[in-house]
Amino acid sequence: MKIEKLMESYKSLIAIPVIITLIAVVILAVNGLNYGVELRGGTIADLQLQEPVSQTQLENIISNGLGTNDVSVQLVGSNQSTVEIGGEVDPGILRNTLNGTASILGFRSVGPVLSAEALNQIFWAILFAFIFMAVTVFVVFRNFVPSIAVILAALSDIIIAAGGMSLFGIPLSLASVGALLLLIGYSVDTDILLTTRVLRRKEGTVTERAVDAMKTGLTMAVTSISAMATLYIVVVLLIPSAEVLADIAAVLIIGLAADVLVTWLMNLGILRWYLERGR
Amino acid sequence: MSEIADFLKDYRVILLIVLAIGSIVSISVLGIQQGLDLEGGSVIQIHLEHPVDQNTMNTVVTVLDRRLNIFGVRDINVRASGDQDVIVEIAGVRPEEVTNIVGTPGVFEAKIDNQTALTGTDITNVRPYQITGNQWSVPFTVSTAGANRFAQVAQGKAGQPVEMYLDNQLVSSPVLSEGLATGTPTTEVEVSGTAETREAAENEARNIQAVLQSGALPVKVNVAGVSSVSAELGDQFRTGALVAGLLAVIVVSIIIFLRYRIPLLVIPIILTSLAELLLILGVASVIRWNIDLPAIAGIIAAIGTGVDDQLIITDEVLKKKGSKGGKESKRRSATMRMRIKGAFFIVFTSAATLIAAMLPLAYIGFSRGYAGIGILAGFAFTTIIGVLIGIFITRPVYAKFIERFVQ
Chain A
1 MKIEKLMESY
11 KSLIAIPVII
21 TLIAVVILAV
31 NGLNYGVELR
41 GGTIADLQLQ
51 EPVSQTQLEN
61 IISNGLGTND
71 VSVQLVGSNQ
81 STVEIGGEVD
91 PGILRNTLNG
101 TASILGFRSV
111 GPVLSAEALN
121 QIFWAILFAF
131 IFMAVTVFVV
141 FRNFVPSIAV
151 ILAALSDIII
161 AAGGMSLFGI
171 PLSLASVGAL
181 LLLIGYSVDT
191 DILLTTRVLR
201 RKEGTVTERA
211 VDAMKTGLTM
221 AVTSISAMAT
231 LYIVVVLLIP
241 SAEVLADIAA
251 VLIIGLAADV
261 LVTWLMNLGI
271 LRWYLERGR
Chain B
1 MSEIADFLKD
11 YRVILLIVLA
21 IGSIVSISVL
31 GIQQGLDLEG
41 GSVIQIHLEH
51 PVDQNTMNTV
61 VTVLDRRLNI
71 FGVRDINVRA
81 SGDQDVIVEI
91 AGVRPEEVTN
101 IVGTPGVFEA
111 KIDNQTALTG
121 TDITNVRPYQ
131 ITGNQWSVPF
141 TVSTAGANRF
151 AQVAQGKAGQ
161 PVEMYLDNQL
171 VSSPVLSEGL
181 ATGTPTTEVE
191 VSGTAETREA
201 AENEARNIQA
211 VLQSGALPVK
221 VNVAGVSSVS
231 AELGDQFRTG
241 ALVAGLLAVI
251 VVSIIIFLRY
261 RIPLLVIPII
271 LTSLAELLLI
281 LGVASVIRWN
291 IDLPAIAGII
301 AAIGTGVDDQ
311 LIITDEVLKK
321 KGSKGGKESK
331 RRSATMRMRI
341 KGAFFIVFTS
351 AATLIAAMLP
361 LAYIGFSRGY
371 AGIGILAGFA
381 FTTIIGVLIG
391 IFITRPVYAK
401 FIERFVQ
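Chains as they are written, first to last, in UniProt numbering: chain A, 1 to 279; chain B, 1 to 407.
Hints are computed from structural coordinates only; laboratory data are not their basis. Mixed in with the good hints there might be a few duds.
For each label pair, taking beta carbons as the anchor points, the in silico distance ranges come out as [as the list claims (entries may be wrong)]:
#1 A/ALA15 <-> B/PHE366: 38 to 46 Å
#2 A/ASN31 <-> B/VAL286: 42 to 50 Å
#3 A/ASN60 <-> B/VAL25: 35 to 43 Å
#4 B/LEU247 <-> A/GLY77: 13 to 21 Å
#5 A/GLY77 <-> B/LEU388: 51 to 59 Å
#6 B/PHE7 <-> A/ILE148: 39 to 47 Å
#7 A/LEU75 <-> B/VAL286: 38 to 46 Å
#8 B/GLY22 <-> A/SER78: 29 to 37 Å
#9 B/LEU388 <-> A/GLU51: 46 to 54 Å
#10 B/LYS341 <-> A/SER78: 54 to 62 Å
#11 A/VAL18 <-> B/MET338: 49 to 57 Å
#12 A/LEU199 <-> B/PHE392: 38 to 46 Å
#13 B/VAL18 <-> A/ASN31: 30 to 38 Å
All C-beta atoms, glycine included, are put in the ideal place defined by N, C-alpha and C.
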C-alpha cells in the first residue's frame, strides 16, 4: 500500500508540519495580529440602511456628525452596513446623526479600561488552558515522549491557526480567542486517538495500527471541518452581522486542517521514532 | 424484536429517555432564557475606579439601580460582576438612557427657601429607611461642616419644604421638622414624611434613600462599554444559528454515509446529536442559564466532539468484525466489550483535555464576572456541560446501539 510505503519515510515527513509552523511564526512576527474592537477599544455599529447610500456618503455623514475622522464603513449586502469608529461613541448621538439614513441594529462600544483587562485575561486563559491540557495528557499517558508529542502537536496547531489569522486578517477578538481555546482541547482528540491505538493496542504492526487510527482520524477531521465550513458559509450568506461566528469557524477550519498534517506527520513520526529507537 | 426490547431495557437507555422527557417538560414549562444578543436589548458595563469589597459593591449596585429607577428607565437589571464592574441590562436598544444617567455626576443638593443647605459631599453615611404605619424616615449622617451649614440655613424654618435635587431635578420635598430648625448643628439628620398608604410611604422612603445615597456613591464610576442588539438582529442570529446547525447535521450525515455506506449508522448519530442538544437545553432551562451566541457556539462545539466520539466508537466496533458464526459469539461479544472499552478510553481522555482547556475561561467568568473575556464564560460552561452529558449519558447509549444492531 502506498500509504504504508510513504509512512516508512516518517523522519523526513516530520519536517513538513515543522516548516509550516515556522512559516506561521514568521508571518505572525512580520504581519502581527489585528485586534478586534473588544481588545483595541472603539465602537462597532451594525446599521440597517433606510435609503440607498454610498460608502463615502455614509462615512461623511458619520464623521461630520461625530466630529471624528476615524470612521470606516463597510456595506454588507444590499441594505446593511458595519461601521467602525475609533474611540467611545454615545449611541444617542450616533442615532441622531443617522436619523433618516439608517437605524442601529447592533452597537458595541468598548473603552480602554475594558480592552486592557480583556487582553490580560486572554493571556492567562490561553496559558492555563494549555497547561491544564498538557497536565491531563501527561496524567493519562504517563509516558514522557508520547505525551510531549501530543503537546507539541497542539502547540503547532495553535501557532498555525494564529498564523492563519494573521494571514487572512481575522482579528484577535473574544470570539477567535474562544476558537483558539477550543482548538487547544479539540485538536488533541486525533493525537489521543493515535497515541492510544499505537501504544495500547496489541493487534497488528505499528504501521497497521497507525493506518487504522488514520482512517478514523481523517473522518473526524473531514466531518468537523465540513461542519465548520457550513457554519462559515451560512454566516457569510445569511447573517453577515454575526461575524464573530464566521471568525470562530474560520479559525477552527485553519486549526483543524493544520491538525491533519501535524497529527499524521509530526505526532505519528515522533511516536514511531520513539518506538523504533529501542530496536 | 427481542434485541430492541433488550436495548430498551438497558439502564443507560432508560436514563437517556427519562432525561430527554424531563428536558422536554422543563423546556416547555420553564422555557429557555435567551441572552440579550438573541432577544434584543442592551448591556452597559460600568467600571469602578478601584476594586471594592462586597458591602461597597452592594451599595453601588443598589444606588445605581435606584437612580435609574428614579429617572424612569424601565426593565433594568443591575448586577455586580466581580469586584470592580457592574453590569446593567435593559430590554430596549437605547443604552444612552443608562449611560447618560450613570455618566452624570449625580450631584445632590438640598435647598431650604432657595438656599443650599446640604450637598452630596456633605453626606457621609445613609442608613436604611424606617416605616411606621404611613410614616417614613431616612436617617443619615452628615459631616460637621455640612451640619453647621444646615443648622444655619434651617434655623427658624420649621414647616418649610426641604427641596431635594438630583442633577437639578426636584425629586422630593419633605417638610423640615421642628427639631432640625433650632439652629443647633447636628450630624445625625433624618428626613421624614407621611404618605397616604404604607406602600406609598415605603416608595417615597426608598426614593429619598436612593437620592441621598446617589450623592454618596462610595466610588467613582465610569461607563466602560456598551453593547446593544436589536430584536431584529437577534432574530437573524437565531434563525442563522438554526439553519447552520441543521445544514451541518445534514452535511455530517452525508459524509458518514459516504464513509460507511451503512444507512442504519446515520440515524443513531443524528439522534445522539439531537439528544445532546435537547439535554443541554434542558439543563439550561432548569438552572436558568442564558442561551446567548457564545452558548450556541459551545453547544456546536460539544455536539461536534460528540460526532467525533461516535466515529471513534464506530470504527473500534466495526474494525475486523472478528470471526463469524454462532459458536464463537461469546468470544466475539467479549472482544466487542474490550473494543468499546478502548474506544471510551479515547473518548474520556479527549473530553478531559477539552474540559481542561475550557476551565480557565469558566473560572474567569465565574470569579471575575462578565467583564472582558468573561463574556465567553457561557461558551466554556455550555461546552463543559455538553461534553459531560455526552460522555456519561448519550455516547454510552450510542455504543450500546452499535454493539447491538450494527454487526
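Okay, the hints, checked on the actual structure:
1. A/ALA15 <-> B/PHE366: 38 to 46 Å: holds (44 Å)
2. A/ASN31 <-> B/VAL286: 42 to 50 Å: Given about 47 Å between the Cβ atoms, the range holds.
3. A/ASN60 <-> B/VAL25: 35 to 43 Å: violated (56 Å)
4. B/LEU247 <-> A/GLY77: 13 to 21 Å: holds (19 Å)
5. A/GLY77 <-> B/LEU388: 51 to 59 Å: violated (40 Å)
6. B/PHE7 <-> A/ILE148: 39 to 47 Å: holds (42 Å)
7. A/LEU75 <-> B/VAL286: 38 to 46 Å: holds (44 Å)
8. B/GLY22 <-> A/SER78: 29 to 37 Å: violated (46 Å)
9. B/LEU388 <-> A/GLU51: 46 to 54 Å: Once the Cβ atoms are compared, 51 Å apart, the range 46 to 54 Å for A/GLU51 and B/LEU388 holds.
10. B/LYS341 <-> A/SER78: 54 to 62 Å: holds (56 Å)
11. A/VAL18 <-> B/MET338: 49 to 57 Å: Distance hint for A/VAL18, B/MET338 is violated at roughly 36 Å.
12. A/LEU199 <-> B/PHE392: 38 to 46 Å: violated (25 Å)
13. B/VAL18 <-> A/ASN31: 30 to 38 Å: Between B/VAL18 and A/ASN31, where Cβ atoms are some 54 Å apart, the hint is violated.
Hint compliance for this structure: hints 3, 5, 8, 11, 12, 13 are not met, and every other hint is.
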